[in-house]
Amino acid sequence: MKNLLSALIVLFFISSTNLLGGFSENSTQTESWYLMMGAGASISEYHDFLETYNSSNKDKYASVNVDIIGLYFLVNHNLILGPILNTSGDLYEKSGNELSIFRFTFGASAKYFLNEINKGIFFRGDFGISKMVVSTKGKGEDKELRGANWGGGYGLLIGGGYAYPVNTGTSIVFTGSYAYRTGDTDDNPSFTLSSSSLNLTIGVLW
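The sequence shown begins at 1451 in my numbering and counts up by one.
None of these hints come from the bench; they were simulated from the model. Even for Gly, the Cβ is constructed at its ideal location relative to N, Cα and C. The reader is advised that the hints may include incorrect statements.
[What the hints assert, rightly or not] Per label pair, the in silico range of CB-to-CB distance:
1) Ser1482 with Thr1586: 42 to 50 Å
2) Ile1608 with Ser1545: 32 to 40 Å
3) Ile1519 with Tyr1612: 15 to 23 Å
4) Asn1526 with Ala1491: 26 to 34 Å
5) Tyr1614 with Lys1544: 35 to 43 Å
Working from the sequences, and respecting the hints, build out all of it.
What follows is the structure, encoded as structure tokens:
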């Protein structure tokens, strides 16, 4: 799983480099719609029954935050708004046993630029439905031993960053954010799970 995540991030940045092409700091252009993708690191804190993983000893640990895809539409010369799919994931390994926790949010995202779209300082806010997937794998096993899904929750993300233009209508986007997600099981809605995270991502908005 960790190798797959690493490969996806590397492929993302390779494709981004090919997309960006030329380099010009001042070449911005307002479009009617934009796409965004990004990847980076996440520091998570779990609540409820998973809070033991906040401080437990680990042999190996990996964390990732990914803006899988965002589609934004122009509202005015400072604001874009649209749907987004974001995920944060943590991979733990202890004595050969693995635990993975992934949190997904699908909802609406807004970016407000102080200067102009796709250039300079911006603020970001997301809100939508969330889903959490927890799975474990035992030592020497090739199959998943146990899994659990939490749906029916909500996800909230607030943050900001800086967009650096590199080509006409295209920018590298640096984002820092705080996210909070909740969820409950289908068979027991009163059994909830929640998590919060601090995220740093580098992406492309074009």
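Consistency of the hints with the structure:
For the pair Ser1482 and Thr1586, the beta carbons lie near 46 Å from each other, so the given range of 42 to 50 Å is met. For Ile1608 paired with Ser1545, a C-beta distance near 38 Å keeps the hint of 32 to 40 Å intact. Between Ile1519 and Tyr1612 the CB atoms are about 21 Å apart, so this pair conforms to the stated range of 15 to 23 Å. In this structure the hint that Asn1526 and Ala1491 lie 26 to 34 Å apart at CB holds, the actual value being about 33 Å.
With their beta carbons about 40 Å apart, Tyr1614 and Lys1544 fall inside the hinted range of 35 to 43 Å.
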